[in-house]
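*Asks:* Each chain, written out:
Protein chains: 2
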Amino acid sequence: MVSKERAGAGSVDEPTDQLALRRANLSRTLRHIRTNGPRSRAAIAAATGLHKATVSSLVDELLSRRLVREIGTEHSGAAGRPGRGIALSPDVGAVGIEINVDYLAVHGSDLTGRTVIEKRVSFDAKGRDVERCLDDLTQAAQRTLAELVRRGVTPVGLTVAVPGLVDVARGVVVLAPNLGWRDVPVATRLAHGLDPDLWIGVDNDANLAALAEYTWGVAAGTDDLVYLTGEVGVGGGVIVNGRLLRGADGFSGEVGHLPLDPGGDLCGCGRIGCWETKVGLAELVRRATPDAAYGLEQGPIPDPEERVAEVLRRLGRGDKAVAAAVAEVGRWLGHGGAILVNLFNPRVIVLGGYFAELADHLIPSAQANLARLAVASTAARCHFVASHLGFTAAARGGAGVVVERMIEDPTAVSLAPAPTLAAAR
Amino acid sequence: MVSKERAGAGSVDEPTDQLALRRANLSRTLRHIRTNGPRSRAAIAAATGLHKATVSSLVDELLSRRLVREIGTEHSGAAGRPGRGIALSPDVGAVGIEINVDYLAVHGSDLTGRTVIEKRVSFDAKGRDVERCLDDLTQAAQRTLAELVRRGVTPVGLTVAVPGLVDVARGVVVLAPNLGWRDVPVATRLAHGLDPDLWIGVDNDANLAALAEYTWGVAAGTDDLVYLTGEVGVGGGVIVNGRLLRGADGFSGEVGHLPLDPGGDLCGCGRIGCWETKVGLAELVRRATPDAAYGLEQGPIPDPEERVAEVLRRLGRGDKAVAAAVAEVGRWLGHGGAILVNLFNPRVIVLGGYFAELADHLIPSAQANLARLAVASTAARCHFVASHLGFTAAARGGAGVVVERMIEDPTAVSLAPAPTLAAAR
Numbered sequence: 001m002v003s004k005e006r007a008g009a010g011s012v013d014e015p016t017d018q019l020a021l022r023r024a025n026l027s028r029t030l031r032h033i034r035t036n037g038p039r040s041r042a043a044i045a046a047a048t049g050l051h052k053a054t055v056s057s058l059v060d061e062l063l064s065r066r067l068v069r070e071i072g073t074e075h076s077g078a079a080g081r082p083g084r085g086i087a088l089s090p091d092v093g094a095v096g097i098e099i100n101v102d103y104l105a106v107h108g109s110d111l112t113g114r115t116v117i118e119k120r121v122s123f124d125a126k127g128r129d130v131e132r133c134l135d136d137l138t139q140a141a142q143r144t145l146a147e148l149v150r151r152g153v154t155p156v157g158l159t160v161a162v163p164g165l166v167d168v169a170r171g172v173v174v175l176a177p178n179l180g181w182r183d184v185p186v187a188t189r190l191a192h193g194l195d196p197d198l199w200i201g202v203d204n205d206a207n208l209a210a211l212a213e214y215t216w217g218v219a220a221g222t223d224d225l226v227y228l229t230g231e232v233g234v235g236g237g238v239i240v241n242g243r244l245l246r247g248a249d250g251f252s253g254e255v256g257h258l259p260l261d262p263g264g265d266l267c268g269c270g271r272i273g274c275w276e277t278k279v280g281l282a283e284l285v286r287r288a289t290p291d292a293a294y295g296l297e298q299g300p301i302p303d304p305e306e307r308v309a310e311v312l313r314r315l316g317r318g319d320k321a322v323a324a325a326v327a328e329v330g331r332w333l334g335h336g337g338a339i340l341v342n343l344f345n346p347r348v349i350v351l352g353g354y355f356a357e358l359a360d361h362l363i364p365s366a367q368a369n370l371a372r373l374a375v376a377s378t379a380a381r382c383h384f385v386a387s388h389l390g391f392t393a394a395a396r397g398g399a400g401v402v403v404e405r406m407i408e409d410p411t412a413v414s415l416a417p418a419p420t421l422a423a424a425r
Numbered sequence: 001m002v003s004k005e006r007a008g009a010g011s012v013d014e015p016t017d018q019l020a021l022r023r024a025n026l027s028r029t030l031r032h033i034r035t036n037g038p039r040s041r042a043a044i045a046a047a048t049g050l051h052k053a054t055v056s057s058l059v060d061e062l063l064s065r066r067l068v069r070e071i072g073t074e075h076s077g078a079a080g081r082p083g084r085g086i087a088l089s090p091d092v093g094a095v096g097i098e099i100n101v102d103y104l105a106v107h108g109s110d111l112t113g114r115t116v117i118e119k120r121v122s123f124d125a126k127g128r129d130v131e132r133c134l135d136d137l138t139q140a141a142q143r144t145l146a147e148l149v150r151r152g153v154t155p156v157g158l159t160v161a162v163p164g165l166v167d168v169a170r171g172v173v174v175l176a177p178n179l180g181w182r183d184v185p186v187a188t189r190l191a192h193g194l195d196p197d198l199w200i201g202v203d204n205d206a207n208l209a210a211l212a213e214y215t216w217g218v219a220a221g222t223d224d225l226v227y228l229t230g231e232v233g234v235g236g237g238v239i240v241n242g243r244l245l246r247g248a249d250g251f252s253g254e255v256g257h258l259p260l261d262p263g264g265d266l267c268g269c270g271r272i273g274c275w276e277t278k279v280g281l282a283e284l285v286r287r288a289t290p291d292a293a294y295g296l297e298q299g300p301i302p303d304p305e306e307r308v309a310e311v312l313r314r315l316g317r318g319d320k321a322v323a324a325a326v327a328e329v330g331r332w333l334g335h336g337g338a339i340l341v342n343l344f345n346p347r348v349i350v351l352g353g354y355f356a357e358l359a360d361h362l363i364p365s366a367q368a369n370l371a372r373l374a375v376a377s378t379a380a381r382c383h384f385v386a387s388h389l390g391f392t393a394a395a396r397g398g399a400g401v402v403v404e405r406m407i408e409d410p411t412a413v414s415l416a417p418a419p420t421l422a423a424a425r
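Line by line, the protein sequences are chains G and F. Going by the UniProt record's numbering, the residue at position 389 of the first sequence is 389; the numbering climbs one at a time, nothing skipped. Going by the UniProt record's numbering, the residue at position 400 of the second sequence is 400; the numbering climbs one at a time, nothing skipped.
These are computed hints drawn from the structure, not numbers from a lab. No residue lacks a Cβ here, since even glycine has one placed at the ideal position from N, Cα and C. Please note: incorrect hints may appear among the correct ones.
Said to hold, decoys possible - Ranges between beta-carbon positions, derived for each pair:
id : chain 1 : residue 1 : chain 2 : residue 2 : range
1  : G       : Arg-128   : F       : Thr-35    : 47 to 57 Å
2  : G       : Lys-52    : F       : Asp-409   : 29 to 39 Å
3  : G       : Asp-60    : F       : Gly-72    : 55 to 65 Å
Claimed, not checked - Far from chain G, some chain F residues (derived; all Cβ distances over 12 Å):
id : residue
4  : Asn-36
5  : Leu-62
6  : Asp-91
7  : Thr-112
8  : Asp-124
9  : Val-240
10 : Leu-244
11 : Glu-254
12 : Asp-291
13 : Ala-327
14 : Gln-367
15 : Arg-381
16 : Asp-409
Pulled out of the complex, with its shape left as it was, chain G reads as follows (with noise of 0.2 Å):
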């Protein structure tokens, strides 16, 4: 009674005609290949309940989009005869670019995870105008496309991280102000210097970098994760039940400007109290490093790198006055960390940015005022981590959302049989 066929498709929107089973199968049978492995056609029809011709038809689909290839070695799954191995492509890829404040962060991977070009460069976004801005974005775009397809992978798309709010369906930064933009539209300005073929999205950095913790990081599969980033900003990205928080605009998580202290000092934002007056990088390098601070009239701060590394060195001679200034630092990371706990109830809130880097000094007076301050803390076990995965999180989670849409629907990418397309193009 039951089509075999039709069982594949298991999606939550019931495909409602042959055009979008099949899609739906395809993606079913990228998603199991990914999910377990290198399989044998056989063992791929076994695990999904779909007829093996049906399965052979699906790879061919697959193998002439260039999405899957056959390997060598020989598998086969529990009920099936051993085949050759169908697995992920590392011909077609994705990158991911992050701008933020003071630096560009470039991350491209292939369909199978690996990553094929990852680095950070300074930039001075303050201090340019966004024109300008877009250009270099633009450029930095073109330059890692290129080397992507110079390594032999074909990009089949391109996210755009930025701190601020994003309307993602229009690929429009609606605010962003520590960049200092409003309503800008990336995604069409970007499309302009670009492959025309090339999908172009842009999303929240902390967004996408949940997103990769999510999927890569040190709580990899925790359903119910915070993630929070220190810069010159402070951004977070909420992951509940297993995805991405993005509320009614897509303007969740923006934790930042949490007005946490009506007695406190004045944001850049005109509020006062924000909690990224308490936590911002900005905070920690005034608390720590007194006699190199810069106020934020005094515009960004000059290598941000330089002074967190100035106050690891000082930590390392162990001056007590830095290490309660860190402290201090710390004890506003658990108050804010409190209220997320209380509204959200993650299992694990991740540290990414500074906060990862001086996280072995943050943490423990963070863990004691989230433990005092979180309503749940003695019945709900919550615990702040540091990232593994870097300055690229949100680059890598924005190449990660091109992967994943590219396994929703498989029939969306368009490439031409042979490798060497791009470079033809």
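With chain G's structure known, arrange chain F on it following the hints.
*Replies:* Just chain F, lined up with the frame of chain G:
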């Protein structure tokens, strides 16, 4: 190629055997009727893609389980011949009971959503020990269930709503500070005094009220919604992308003890500057009617409804000091609201409890402060609205959870065919 029978399942989890498939199709049929109103078998078949013979068999089973009934009116879908209408049954129902610091609220409804019983009685939870509370709760449940049966509705389940952290899976109240409860096995305890076939659940009151708002309230169907209830405590429930946010342990949405003012007052919980100390009922009473105020140290507020009524009377007389006091509470409502908006980006914040009663006086200053403090306020629309569900929102949501459970798996309901079953047990 696509089996029509199979096409009916449409759930995220693939049914893996015939029983699961049958269950999924029974559920799908019930949902279709609930969403679209009474339908003929032919219309159900046309809309769901199930075979007519399959639909007839499914409807027969639902009739024998008394979850649907045939009604005289002829209904037909566009593609179907006229036939007798199949409607949800008014013979089967569910109960929700909310226990709070100063009242018990009960709600009984049938499968069609019709309210059969709804009332609230004063109750002094703080004046009784836990055992006595549970005895009273059991008696209230017995009375409500018996009353439902007298009115011709057989109850299949009961949900208890509690203002605190609830382990939903085990039916245990982990912590309810305002009741003074810790680790109370409510479900097990109630089961002793009730029909052993009855399903008994326990859940957080504000979570249940949020579900009720999402289903029947003023902002019903708004996929990103926060519900706040102002009582002695302040509770919150969050709907994210059309689903209740639960978090890793089910402890999400604990808004009452968000630490918002490090320079503020001592809260009953022992922390400083919790949101409850700014917008809880005790603070409203203290600010608005200082001549008649009760401090926290004096125990629960006597007759809270009378206190709110007195505030309303004074506002009605144009008392400027009272208006200023209420506006100040409203400002703090907006302050905490900004945190919720920054983190969840909801479209609506629904106000329940005393917030709803004073909504006209609280919302102007709350909305203004929200606009000032929320980062995305210029880009995202989020407004405060007063709940229309009144004092039984949580209890109603509790009954709704039972009905949802019944619709999700109609085979879990064991009802004898005769409508007098419950009385005969």
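*Asks:* Going through the numbered hints above, which ones does this structure break? Give me the numbers in ascending order.
*Replies:* 9, 10, 11 and 15
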